[in-house]
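Chains A and B, in that order, are what the protein sequence lines are.
Just so you know, the first sequence maps onto residues 3 to 964 in the working numbering.
Just so you know, the second sequence maps onto residues 77 to 195 in the working numbering.
Some hints could be false.
[Claimed, not checked] Pairwise CB distance ranges, derived in the manner of DEER restraints:
#1 A:Asp-536 <-> B:Ser-182: 49 to 55 Å
#2 A:Lys-633 <-> B:Ala-103: 52 to 58 Å
#3 A:Thr-478 <-> B:Gln-170: 37 to 43 Å
#4 B:Ser-182 <-> A:Val-679: 51 to 57 Å
#5 B:Ser-182 <-> A:Ile-794: 42 to 48 Å
#6 B:Ser-182 <-> A:Lys-633: 19 to 25 Å
#7 B:Ala-103 <-> A:Leu-615: 49 to 55 Å
#8 A:Asn-565 <-> B:Gln-170: 47 to 53 Å
Hints listed in this document are in silico derivations from the structure and should not be mistaken for laboratory results.
Given the structure is predicted, the values throughout are model-derived calculations rather than measurements.
Beta carbons are placed, not taken as given, at the ideal position from N, Cα and C, and that holds for glycine.
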Amino acid sequence: MRQNNLWNKGIRANFIRASASLVIIILVISTFYFYYNAASQDELLNQSEVLSEKAEIKNNVERSLNDTFFRARAYYVFQDEKDLELLDENLAEVKTSLAELSTVELTEEEARFLEDLQSFITGYEEEWLPQAFEFVDNDDYEALRNFANSGMNEAVNQFIERSRDLQSETMIEIEELYVESIEQANRSTLLAIAIGGVLLFTFMIIVMRVLKNIIQPIEALTIASNDLSESREITFQTYDREDEIGSLSNSFYKMATVLQEKEEELTAQNEELQSQQEELQGNQIELESIVRRMESTNNKLERYNQLNHAMSLSLSKQEFISSIFRFINEMYRFDKSAMTLVDEPVYRTMGLTEKAIQQFILSEKDELIVRLEESNHFLVKRNSTPAEQGIVEHPISVYDYYSGVLDADRKILAIFAATRIGEEFSEQEMSEIDGLMNRVSLALERTVIYEEMERSRKLNQDILDNVNEGILFISTVGDILQVNEAVCKMIGHTGAEIDHGLNKQKWIKEFTKYVEEPEALQRFFNQFTEAGFDHNGMIHHEYVVNVKEERRVIDVYGAGVFNHQERIGTLFVHRNITREHELDKMKSELVSTVSHELRTPLSSVLGFTELLLKKELKPDRQKKYLDTIYKEAKRLTSLINDFLDLQRMESGSQKYDMSACSMDKIMMEVLNNFKHVKSHRLSFVDESFDVIIKADQARIQQVLTNLVSNAIKFSPDGGDIVLSLKNEQGHLVASVKDGGLGIPEAELEKLFTKFQRIDQGDRKKIGGTGLGLAISRGIIEKHGGAIWVESIEGEGSTFYFSLPLIADKSIGHILRDPWEMVEVDMNSSTVMIIEDDSSLALLLSEELKANGFRVLHHYDPKNAYIDILKIPLKAIVVDLMLGDDMDGWELIQQLKENEETKQLPIIISSALDKSIEKMERFQVDDYLTKPYPPNELSKTLLNFVQASKNNRDGEILFPKQT
Amino acid sequence: MKKILVADDEEILRMLIVDTLEDSGFAIVEAEDGKEALRFLENEKFDLAILDYMMPEKTGLEVIQSLKAEIKQNLQIVMLTAKAQQQDREAALQAGANYFIAKPFSPADLLTLVEEILS
Numbered sequence: 003m004r005q006n007n008l009w010n011k012g013i014r015a016n017f018i019r020a021s022a023s024l025v026i027i028i029l030v031i032s033t034f035y036f037y038y039n040a041a042s043q044d045e046l047l048n049q050s051e052v053l054s055e056k057a058e059i060k061n062n063v064e065r066s067l068n069d070t071f072f073r074a075r076a077y078y079v080f081q082d083e084k085d086l087e088l089l090d091e092n093l094a095e096v097k098t099s100l101a102e103l104s105t106v107e108l109t110e111e112e113a114r115f116l117e118d119l120q121s122f123i124t125g126y127e128e129e130w131l132p133q134a135f136e137f138v139d140n141d142d143y144e145a146l147r148n149f150a151n152s153g154m155n156e157a158v159n160q161f162i163e164r165s166r167d168l169q170s171e172t173m174i175e176i177e178e179l180y181v182e183s184i185e186q187a188n189r190s191t192l193l194a195i196a197i198g199g200v201l202l203f204t205f206m207i208i209v210m211r212v213l214k215n216i217i218q219p220i221e222a223l224t225i226a227s228n229d230l231s232e233s234r235e236i237t238f239q240t241y242d243r244e245d246e247i248g249s250l251s252n253s254f255y256k257m258a259t260v261l262q263e264k265e266e267e268l269t270a271q272n273e274e275l276q277s278q279q280e281e282l283q284g285n286q287i288e289l290e291s292i293v294r295r296m297e298s299t300n301n302k303l304e305r306y307n308q309l310n311h312a313m314s315l316s317l318s319k320q321e322f323i324s325s326i327f328r329f330i331n332e333m334y335r336f337d338k339s340a341m342t343l344v345d346e347p348v349y350r351t352m353g354l355t356e357k358a359i360q361q362f363i364l365s366e367k368d369e370l371i372v373r374l375e376e377s378n379h380f381l382v383k384r385n386s387t388p389a390e391q392g393i394v395e396h397p398i399s400v401y402d403y404y405s406g407v408l409d410a411d412r413k414i415l416a417i418f419a420a421t422r423i424g425e426e427f428s429e430q431e432m433s434e435i436d437g438l439m440n441r442v443s444l445a446l447e448r449t450v451i452y453e454e455m456e457r458s459r460k461l462n463q464d465i466l467d468n469v470n471e472g473i474l475f476i477s478t479v480g481d482i483l484q485v486n487e488a489v490c491k492m493i494g495h496t497g498a499e500i501d502h503g504l505n506k507q508k509w510i511k512e513f514t515k516y517v518e519e520p521e522a523l524q525r526f527f528n529q530f531t532e533a534g535f536d537h538n539g540m541i542h543h544e545y546v547v548n549v550k551e552e553r554r555v556i557d558v559y560g561a562g563v564f565n566h567q568e569r570i571g572t573l574f575v576h577r578n579i580t581r582e583h584e585l586d587k588m589k590s591e592l593v594s595t596v597s598h599e600l601r602t603p604l605s606s607v608l609g610f611t612e613l614l615l616k617k618e619l620k621p622d623r624q625k626k627y628l629d630t631i632y633k634e635a636k637r638l639t640s641l642i643n644d645f646l647d648l649q650r651m652e653s654g655s656q657k658y659d660m661s662a663c664s665m666d667k668i669m670m671e672v673l674n675n676f677k678h679v680k681s682h683r684l685s686f687v688d689e690s691f692d693v694i695i696k697a698d699q700a701r702i703q704q705v706l707t708n709l710v711s712n713a714i715k716f717s718p719d720g721g722d723i724v725l726s727l728k729n730e731q732g733h734l735v736a737s738v739k740d741g742g743l744g745i746p747e748a749e750l751e752k753l754f755t756k757f758q759r760i761d762q763g764d765r766k767k768i769g770g771t772g773l774g775l776a777i778s779r780g781i782i783e784k785h786g787g788a789i790w791v792e793s794i795e796g797e798g799s800t801f802y803f804s805l806p807l808i809a810d811k812s813i814g815h816i817l818r819d820p821w822e823m824v825e826v827d828m829n830s831s832t833v834m835i836i837e838d839d840s841s842l843a844l845l846l847s848e849e850l851k852a853n854g855f856r857v858l859h860h861y862d863p864k865n866a867y868i869d870i871l872k873i874p875l876k877a878i879v880v881d882l883m884l885g886d887d888m889d890g891w892e893l894i895q896q897l898k899e900n901e902e903t904k905q906l907p908i909i910i911s912s913a914l915d916k917s918i919e920k921m922e923r924f925q926v927d928d929y930l931t932k933p934y935p936p937n938e939l940s941k942t943l944l945n946f947v948q949a950s951k952n953n954r955d956g957e958i959l960f961p962k963q964t
Numbered sequence: 077m078k079k080i081l082v083a084d085d086e087e088i089l090r091m092l093i094v095d096t097l098e099d100s101g102f103a104i105v106e107a108e109d110g111k112e113a114l115r116f117l118e119n120e121k122f123d124l125a126i127l128d129y130m131m132p133e134k135t136g137l138e139v140i141q142s143l144k145a146e147i148k149q150n151l152q153i154v155m156l157t158a159k160a161q162q163q164d165r166e167a168a169l170q171a172g173a174n175y176f177i178a179k180p181f182s183p184a185d186l187l188t189l190v191e192e193i194l195s
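Next up, chain B with everything else stripped away, as it sits in the complex (with noise of 0.2 Å):
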């Protein structure tokens, strides 16, 4: 089973990520911010992140340059951002971010990113 970290300090967005994604199949674990995210990704193997680009303690950006190179190996992940944030969105990019999706955004979309990256 493919297991998926949601990280987003707003508990609301997290249970629309987490309701959308439920009936897929996937471990989701939640972090309600970047270092609570940082912590579970060094500390268990997850094959996708969804981290929110805004993020109190650490910024999702944050969260991508503080993780070593093998672990980001094996992870995909994916940014949710805002539109405004084109500048920050390169700079995740080099980091290592694999995919943005823009807030707000549709659950469909970002079902099927999932399902897309993962299969």
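Extracted from the complex, chain A is given alone in its bound form (with noise of 0.2 Å):
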């Protein structure tokens, strides 16, 4: 039923029907058109005999016309019977042309011409003919010439060119039918091509419903079916056909019914899928985002932890910038950053050279700290440098950024800068960089603080370590809670044994390691921890301890610390006083010498005194004692005076009495004090030549009195004591040898302290202070001088001193240029003067040395003679008047008796008269008599010098009578 339905209304059936149609339609429109062309071409034909017939008609018409008219005129020529007959024939030729021109269908003027010339035919057979045969046949020609002229000749050739014109007419219309059917046969082909069309369109049309009716809906099918795969809304109509394309349709619709249905709801369920997995997506996506922001903000925290750890931990500010800096950094990326302290050169710098953080540290930021100060922040937008540019080519925008650290007085303390190039800084990069500045600033506040308490702590340790006390601070329990350098140091210890935080037990050990008596020091310790101690004052305690061989005497002391009146500790303080101790002992020792030393001579006065009182005692007896009450009386004195001296020196107090003064008169002054010393054999050799010092006098000749009377003492054995003075670059230097028992080495560095004493071996036994040493240097130091011994033990000492020389040369004088000495050989020009009238010799002296002489002086003829013999001299200069053992002339009795000496030329400088007598005997060559002015003495001296080369040796020179 179906497939009959489907058969009948099926695109198939469709498709048969529209093409047999079209074959239909094809076949009767190609029978018709053949038929058409076979008819019209029929006719054409028809016509074009016709017309043929027609023009073989005219044209034999026209030839048997012309035949007869010819034959005529044959006959008339030449009157043959057989142009006769033949003209018979052809008039019957003409005839029957006629007759079979009246057979077809003719044209109005051939019509007429018909008629005409049937008529003019009958016309000429019957009277034309026999009328000129007439006149043929009577020969008369003339009458025929006429005839045929009257119009006979006119009508035939009108009748020849009338049927010769019918002719060509006919050749004509022949010609037309040919065009025309040439004309046919295009418009059977325009026809046949217009049916073409026709059927193409037709067909086109057919296709063109076909495909309306098909393609269409399949297209449409298509689309839906497209859009229904891809679920799209589907615009679809059904076809109301019965063909399958319908049914295709209609079950296709039904289907995309049912699958939109269907879709609709699985796209319902998906829906709810969807926005469940929407739902589930946006959570995930929420945890995910709260996850990333938990990460970001853990991060930033960790950072932060770091950062504020840093800031905690970093107590220096270098450390403290550097982490700030690099935290900075981590966070925000800039092309060149630096942060730099105001008052301090501490800063970090990013991505610039050293000569730039320079320039920037060192340049007057004035500005910009007063820039800062306003407004926290400022943001310079500026062009690139070329450095900044690169490979740029054009400039860029830079920016540089700059933040400062400000303290709550709104003082900025540091300054970070940064630079983006061609990278803007957003507000909330620049609003947290301004966040983390204040941070920065409590920090660095807090680095100050700490700074300052370390400073302060660090101060306190350098008091502590650089004390000389020992300082130790225990807790109530015994623990050390502070033990400096000092206290370690002290008893011997390099540091590390006895630090904080050690116990008592292990700290009291380590502490008396190397002390003398430990268990003394132990209980001193031991009784602040004790229960119910409550001393509270300070307990001093002394103890000894032994360090690599030295013995120290530390004298400790303990005393409680408190805080608001609750005990905190016991704060021991040790001080090193074996020096106190040995200056104590010192002391004492020194007070047991004085006392000693005074309690000598006093128990000799006041014994003797007693004796001499109580006793019944002989005169000798007597003055024995007087003598020595004296003596120990004076004794008495100069110690006393000594004590003095140094009690004054050491106060400062004593008082000296500068005055320009001579040095040389000052050693012989102190020389002719110690005439009376028959014990040592004391001269003065003096080579000076500039002696004017600025001193007190008497005070330096303390001095010299002490190094002669130290020389004499410590000489027991006797022996020469030499003193010298001469000149060193602007000094004077004064000297007091002695061949005694020598310094040991090891004594003579202290041998100028005070209090101290050689009591050794033979010293021991050697009275004194030991305080003339000290005095000494007081004084030559307080002249600003300076005083020193050379010395080897067991073969005497020479102390020496030295003292500036006055620099106003017009005050003092200089007895001669130094740089004449270079012609005097001072050896050879050593003058002995022996003349115990201190004044006069050195005014002899003077004189001498001012002419280039070294002099030598004596006051004991004794002791001159020793020196002579051992000295090279250039002369002797001798006072008759002299001690009380020997004389002048004794000693040059003596001098001329030996061989030796017998040359040295002598000249006598005396008060006494000139005994002629004995200048005979002696051959005295010249003679001075006191008093004379001394440049006497020296001209002598000086003509004596000069005429030794002619050989002056061994006169004895008078001074000469004035």
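Since each chain comes alone in its own frame, lean on the hints to assemble the complex.
Take a look at the structure:
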């Protein structure tokens, strides 16, 4: 049924029907065309045949007419019967042709021509010819000619002409027909084309219809199915058709509907699912973003934490700035950045050259600081420098951001500067950096406080470590809370053994390691931590510690340390009192020495006085006692004076009476004071030429006296004591040389310190306060000089002191130019003066020195004689009135008797009258009588020296009588 | 006859002591330092030793300390001291000194003391 239906209404049936219709139409049209074409061709053929026939007939007419006329005329001429016969034939032909002509369709003109011609022929045959024959038969040609000319010929010609015309007309017609047949052919071609076009059109319409009917719904279906497959909304109308398309569309529609319904259902489910998923996804995204946020927060927190950690840990500013700087550079991207403290050269930089940094650090930042103080931060936009521009062709914008670290008083502590090339700073960044700077400010202030604390702590520790006192601070239970280096060193530890935190047992054990009588010290320490200890004052203890063979006496006191009336520990202060101890010992030794030294003469004075008073004594005893009393009293006085001197010197109350004076004079006077000394041989070698010093004469004398006394004292076996004086650059150097006990090398150093006595060997026998050298040093140093000693133990000592020469030469005088010395050989130019009057000796000496002589003073001729034997001399100046033992003449005698000294020139300087007898006896060369002008002596001497070449050795000179 | 050793580094003081005691019939030996004093004391029998505290070589105290007990037993010792040496005095007393005489002393007092000791 359905099949049938489909067959009836299906696409195939439709297609067949359409095809069949098309074939039928083509057949009909082709047939029609064929017949039409054939008919028109037939008609044309007919017409062509008619015309050809007519043209032939006309041709026959014309030809037969022509023949007729031609035959007639040939008869006329020749009269041949044959011609006549032919004429009859031709006439018959004309009549046949005309008859034929009359059967065909004729035009009006042809019909008229036919009629005319038929009538003419009838006339011609019946009238013209018989007349013409008559003439011919009559041979009347004239008449014939006339006759012919009367119209016959013209008519004949006219007819010929007309038949020709008709014939050409027919030819034209034929031609026309031919043209028409061509046109006909063209038309039929056109028609064929038209039919073809119509057919094509029809076909196209059919195809279009088919397409419309089939393709369109299929396309629609396709679109719909695409839509369906792509789940778009289907805009599909069902086709109310009974063909496959219809059913397809219907079923498609149904399917689509079902599908759509299903899909809607699915979509609904899907949507539900999707919405659930979306919700889930949303949740997940939210979760993810939360996680991310948490992560970044975590990250940030971690960094902040690190920063906080760094900030709280870094207590040095450098470290602190470094960590901030690192942090900020990790958090933000800068091309260059720098952070510097304002008041200290502490800075960190990134992307900057050292030069740039230094420039920035050293630059005048006042303006920048003022700006930052006003606004915390600011941003500068500028063009890039060529270096920043890099490979870019045009300048780019560069942003400099400055942020200040302000303290509570809005004072700039530090500056942070960052540069970005071609990228701006966001508001958020800037505010974050600012926030960071605020934190930096707080931390920096904390650092400052810490540094302050650290400084003060260090200061405290430094103070603790640098005080000489050993500090040990222990808690109430005895643990060490604080200990300084001094205490460790004091007791012989290097430091590590006793440190804070040690408990009582440990440190006490360490502490008493090198201590003599450790138990006593342990007891001392322990008492402070005993229960119920409530001593509030200081408790002293003294202990001895032996450190590397050094014996140290240490005083320690313990005192409670209180905080708000609560005892928090005990402070032990250890003082190395070895020196004080020694000083104390020395002082007490001094006291006992002084005491002893004082008491000994006092004992003598008092004892002998008592004996004198209470005992019956012989006069010599009495005198001896009195002498002793006197000597001891004097000794007592000098001791007391020394002691007082020293006291004055120590207290600085010693007065010095400074004035310009001659050192050689002082030396001479001191020498003079020791004139009475017989145990030693004293002499004075004077090489000086510039002798004026500014000094307290008495004090310098005291020093010299002390040195000479010491020299005498410490050369108990007698011997030479030589004083000397010479010039050195800007100074005078005086010395006292002895050949005595000498001083052990170890003692040399402390020789000039007060309270020092070298109590060793023979020296112990030698009394003294031990103050003399200390006093001497004090005096010499007060004069801007120096005192020192050279000594070899057992061989003797030489004490030197130098004193500065007076700078102002107008005050004193220089005896001679030092450069002249070059000319004088000092050794061979020594002149000995033996004179007990020091002032005269000085006078002579200065005169001699001024002339380049070196002067050797003696006052005792006996001692002088010993030196004369030892020292090469230029001459001797001798006083005749000398000491008790020997006078001048005796000396002269001795010299003259000795072969070695016989030649030595002698100049006598004496107040005594000339003894002519003695002079002659000793061949005295010249003689000076006191008083004589000093230059007299020198003149004499110089003459003498000059003359010595002239063999005047051994001469004795007189002073000239004035 | 009682025998007395006088030891003092100061000759004058020795003279004073000797002169003070000479008329009372004692045999007197002089020593000028601690070492000499010790030598005398060890080699001879003395009834009394008058020792100066401050002496070279050996102080009076050192002399006493160096003495053997049996010598010390029969020997009276008088020390001459300065008042400042209070501490040393105690040491000397411990070592075996019997009497002290402070410098400066009165010769009469010394004589009285010596006579008292030796009687």
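**Message:** Hints numbered earlier in the text: which of these fail when held up against the supplied structure?
**Reply:** 2, 4 and 7
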